[in-house]
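Following the hints, position chain B against chain A.
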Amino acid sequence: MFSNLHYIGFGDGGWGWALLQGAWVTITIALATLPFGLALGLMIALMARSDNAIARWFATVYTTVFRGVPELLTLYIIYFGVQIVVQRGLESIGIKGFSIPPFVAGMVALGIVLGAFSSEVWVGALNSIQKGQREAGAALGLHKAQIFRLIVFPQLIRVALPGLGNNWMVLLKETSLVSVITLQDIMFIAQRGSSNTKEPLLFFTAAALIYLVFSLISWWFFDRLEKRSNRGFAAFGGQTR
Amino acid sequence: MRWCEQPGYWLGSEVLQNYGCRMATGLGITLQLVAISVSLGCIIGLGLALARLYGPRWVGGVVTGYTTFFRGTPLLCQLFLVYYGLGQLRPFWQDVGLWWFFREPYWCALFTFTINTAAYQCEVFRGAIQSIGKGQFEGAQALGLHRIATLRHVILPQAMIVALRPLGNELIVMIKSSSVASLVTLFDLMGSTRLAFSRSFDLSIYLYAALIYLAMVEIIRRLWDVMEKRLTRHVVVR
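From first to last, the protein sequence lines stand for chains A and B. Going letter by letter, the first sequence gives residues 1092 to 1332 in this note's numbering. Going letter by letter, the second sequence gives residues 146 to 383 in this note's numbering.
Chain A extracted, bound-state conformation:
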C-alpha cells in the first residue's frame, strides 16, 4: 500500500487532482442541497403547526415516509422514476432523448430527505418560541408574515442550530450515495481509481480521510457558529430560554 503512494499524488499517473475534483463535487452537491432542503423542512414544519388539517396531515405523511425509507432507495426512485415520468411527458410533446442530469436527481433526492429530517428540528425550535413573542408582534400591528420574518425567525435559528448542524453532517455523509447514479464525487473517483490501479485500500483510505477532514471542519465551524449565536445569552449565565 505505502509503496504505491504516488497513485494518489499529483504527479504522472497520480489521481490527486481527480480526487480533489471529486471532493469538489461532493462539497458542491452538499452545499447546493442545503438551502433547498432547509427551506423545504421549514415549510413542512410550518405546515405541521398550521390550523389546516390537510396541511398537518400532509406534513405527517411526508416526514413519516421520507424518514422511514432508506436514502439509497429514495435516490433510485427519484432518479429512475422521475426520469420515466419526465421522459414520457416530453415525448408526448415531441422531445426525445431527454434525461435528468444526475446532479439534479441527487440534489432533489437528498433535499427531500433533508427536508423531512430538518422539519423535525424546525418544529422543535418553533415550539420553543414563546407565545408572547407573537402576541407582542401582533400588538405592534405587524401582520403574520412580518411577525415570522422579523421576530420568530431570528430567534429560531439559534435554537435550531445544533439540530441543523447534525442534519448537515448526515447530509455530507449521504452525498457518498450519489456515486451510484454516476455522479463523479469522491466515492466515484475512488472506485474508478482503485479498479484502475488495483489499490483499493489506498484509494478508499484517501477517500475516508477527505470525508473526515470535511467532517472535522464542519464540527469546528458549527461549534463556532453556536457559540456566536449564543453570545447574547451568555450574560444570563448561558440560560437560553
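Worth flagging that the hints you see were computed from the coordinates, not collected in a lab. Virtual Cβ for every residue (Gly too), placed ideally from N, Cα, C. Please note that the accuracy of each hint is not assured.
Covered stretches of chain A, going by a simulated chain B footprint (3 or more residues, C-beta under 8 Å) [claimed, not checked]: (1) 1151 to 1160; (2) 1168 to 1181; (3) 1262 to 1274; (4) 1278 to 1287.
Frame of chain A; chain B shown alone:
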C-alpha cells in the same frame, strides 16, 4: 404457490409475485445484519463509553479517535474500505486464517456495520452517563459502594433510560443504512429489489421495497414508544 408469492398475487403485481421470494430472503438478510450488528455494537459501544469515561487518558484518546473516524466518514466508504480495501491484503488474511471472513460480503458488511454502530452507540452511552448528576455518584460513594457497584446499581439504570430514545433512533438508522450492503453484491432487501428492477424494468418494485422498509421502521418506532412508556412509568413528568 409459495407463501412469498402471495402478496404479489393478491396485489396483482406480476413483478412482486415473480421476485417476492427473493425479496423475502433479502428481508431476512437485512434483518439479520441489523439485529446482529446493533446488538454487538451495543455491547462494544457500552464498553467503549466506559473506557472513554473511566479508563486511563490514552484509552480515552484512542476511543475518541475511533468514534470521530467512524462518525465522520460515510458508511459506504467504510464498507468499501473493508470489503475491497482489506480484501486486497489477501495473502496476509490467508496466513492468519481469516480469509474466509474478509472474502464474504456478508461478513464484511456485518463487521463494518458493527464497528460503525458501535461508534455511534458509544457516543449515545457517553452522553447518557454524563447526563447523570454528580450527586448520584457522591450519594453512592457516601453509601460505601465501590466504583463497579455504583455503575451497575446507580448510574447505568438511570443512564439507560436517557439512552433509550437515541438507541431506538440508531436502530432505525441502521435499518435504513443497511441498504448500502447491496452495493457490495449482497442480496439484502435492497439488493434483491435492485436485481428485480434490473431484470423487469418495473419501477413499482422500488415502491414495494419502500413500503417494506417503511413498515419496519414504523413497527420499531411504535415498539420503542411502548417500551419507553413502560420503562419510564416511575419517572415523574415535569
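*Against chain B, does the stretch 1151 to 1160 of chain A show at least 3 residues with beta-carbon separation below 8 Å?*
Satisfied; 5 residues make the cut.
_How does the stretch 1278 to 1287 of chain A fare against chain B when you require at least three residues with a CB closer than 8 Å, holds or violated?_
holds (count 4)
*Against chain B, does the stretch 1168 to 1181 of chain A show at least 3 residues with beta-carbon separation below 8 Å?*
holds (count 4)
*Would you check chain B against the stretch 1262 to 1274 of chain A, counting CB to CB pairs closer than 8 Å, and say if three or more residues qualify?*
holds (count 7)
Violated hints: none; the structure is consistent with every hint.
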